[in-house]
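Chains A and B, in that order, are what the protein sequence lines are.
First residue of the first sequence? That's 1 in my numbering, and the numbers climb one at a time after it.
First residue of the second sequence? That's 1001 in my numbering, and the numbers climb one at a time after it.
All the given hints hold, so there is nothing to weed out.
BS3-like, lysine-lysine: derived pairs with alpha carbons at most 25 angstroms apart:
#	chain 1	residue 1	chain 2	residue 2
1	A	K185	A	K116
2	A	K20	B	K1084
3	B	K1248	B	K1079
4	B	K1248	B	K1167
5	B	K1149	A	K20
6	B	K1079	B	K1162
7	B	K1167	B	K1149
8	A	K116	A	K136
9	A	K136	B	K1149
10	B	K1167	A	K136
11	B	K1147	B	K1167
12	B	K1147	B	K1078
13	B	K1162	B	K1248
14	A	K110	B	K1149
15	A	K20	B	K1248
16	A	K34	A	K185
17	B	K1162	A	K110
18	B	K1149	B	K1248
19	B	K1147	A	K136
20	B	K1084	B	K1248
21	B	K1147	B	K1248
22	B	K1162	B	K1147
23	B	K1167	A	K110
Pair ranges (Cβ atoms, derived):
#	chain 1	residue 1	chain 2	residue 2	range
24	A	T21	B	V1081	24 to 30 angstroms
25	B	V1081	A	E70	33 to 39 angstroms
26	A	S58	B	F1053	57 to 63 angstroms
The set of hints was computed from the structure by calculation and includes no laboratory data.
Treat the numbers as computed from the prediction; the structure is a model and nothing was measured.
Ideal Cβ positions, reconstructed from N, Cα and C, are used throughout, including at glycine.
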Amino acid sequence: MASVNAAVQWNHVTFSVNGKTILQDINGTFLEGKITTLVGPSGAGKSTLFKLCNGLASADSGDILVAGKEIDSYAPVELRRMVGFAMQDATMVDGTVYENLAMPLTLQGKELTEDKANELLKLVGLPATISDQSTKDLSGGQRQKLSIARTLVNRPSILLLDEITSSLDRVSQQDVEALIVRINKQYGTTIVWITHNLQQARTIGDYTWVMINGQLVEAGESFLLDQPENDEVRLFVKGDNS
Amino acid sequence: MSYLSLAITLIFVIIPLVLSRTLNLGLEKDTLIATVRSIIQLLAVGYVLQLVFESEHLFYILLMIILMIAAATQNARKKGVQIKGITWKLVLTFITVEVLTQGILLGLSITPTTAQYIIPISGMVIGNSMVLSILFLNRFISEVETKSKETELILSLGGTPKQAVHKQLITSIQASTIPTIESQKTIGLVQLPGMMSGQIIAGADPLQAVLFQLLILFLLLTTAVVTSIMLGYLSYPTLFNERMQFLKLEKSKK
Ligand SMILES: Nc1ncnc2c1ncn2[C@@H]1O[C@H](COP(=O)(O)OP(=O)(O)O)[C@@H](O)[C@H]1O
Ligand SMILES: [Mg+2]
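If we strip away everything but chain A, and leave its shape as in the complex, we get:
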């Protein structure tokens, strides 16, 4: 039962590793063209949910529909280009900033022009001069910005962002927030954003999911975070707000 405007639809999805349940009966929708924020304590299974969505792992049971089609009906490479994933720790391969940025295209045997590279760096607030630097010399915040830029190279229609502003100062955080909102508005990209910053989840998100212990315990419009119905969610929200 995929509704027309579900970018990703989760139906009774469970996932476990070595007999340990990590995701339990996930039901819900990431609406097309909207920003959904995803919050919850560490270990709740948020990153794992993204892995499933990007095709890095497969559900044990249940269905995941991406743009209305069963996730396994896509070729893995096609799915991963369509569902961009900026991973939690902004992993880089050894090499220069440019090499990392161009990677989505190099993997396809294509080239990223210097102009395009500089444009992307500028978009995320990085100076073009760092293009030839080794990624080893970048700060945590610079890596996160580069990771976002790299994810954009494939022009994904769905963008999964996993704690991409955790190492950024407040000003840079606001820049990235503005950038993501702009991408969402300009290209209609569906965005799902995992964050530990509840303020961010509320203000940036159209919708918010709260996950605890492998379960989706609350989902709805983001302002609902102000008055959670679920006790566990209330505790979580209070704890983080101190």
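Knowing the structure of chain A, use the given hints to seat chain B with the ligands on it.
Quick look at chain B with the ligands alone, frame taken from chain A:
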């Protein structure tokens, strides 16, 4: 050399035993085991070789080679238990290296088709291939484990499994073959290669011994590179499933 003179050479075993005892090095047990094992194993091989050489029967030669491959596989597979189907992958690698090298040697009449040439050369080729396999597997498994995040990153961006482990594969192939190449650069400067020394002692013309040693060195270059590349390309696909998902290696039991 006679058995009597061999018995006298046991002095060279007694010296370390005595030193170990007086200095409390605790090496006595291992020294004794090593001595007994080397005597039994080498004498057994010697008798078998004598038998094979006398009969000159192709069947015995083949049997010897099969035994060598079996023993090499048995030894090397322990280092790669985390890789699915490592046993047959090793067998295939050893067979390929053996067929390739003997094919060229015999096919171009570089060496005569006699047990006297085929068996020692096969022994060196398969033995070296085994060492290379162990070096490669050790390095490759550790590269794959430490670079698992990079692997997932490349997959997540739409890379293929081959692209995702390419760097780890190349690093491991280089790391395992470099010692073979490096050791050839200094060969003869510090110590004479064992085989050449043996030939010279047995009375061969030194220049003949050198020519033969060079042949072996070149052979081992091919062996090293072919072994690592082949084992690498046979191994990496087992790290992924058909949905191009990276399968975590089972933790190696120490
Ligand atoms: N590859 C894995 N093997 C075993 N356990 C894992 C693996 N990946 C994640 N987990 C476990 O799954 C749970 C959820 O992890 P994760 O999705 O990273 O949570 P979150 O992103 O919400 O912090 C945790 O308990 C974690 O230990
Ligand atoms: Mg996480």
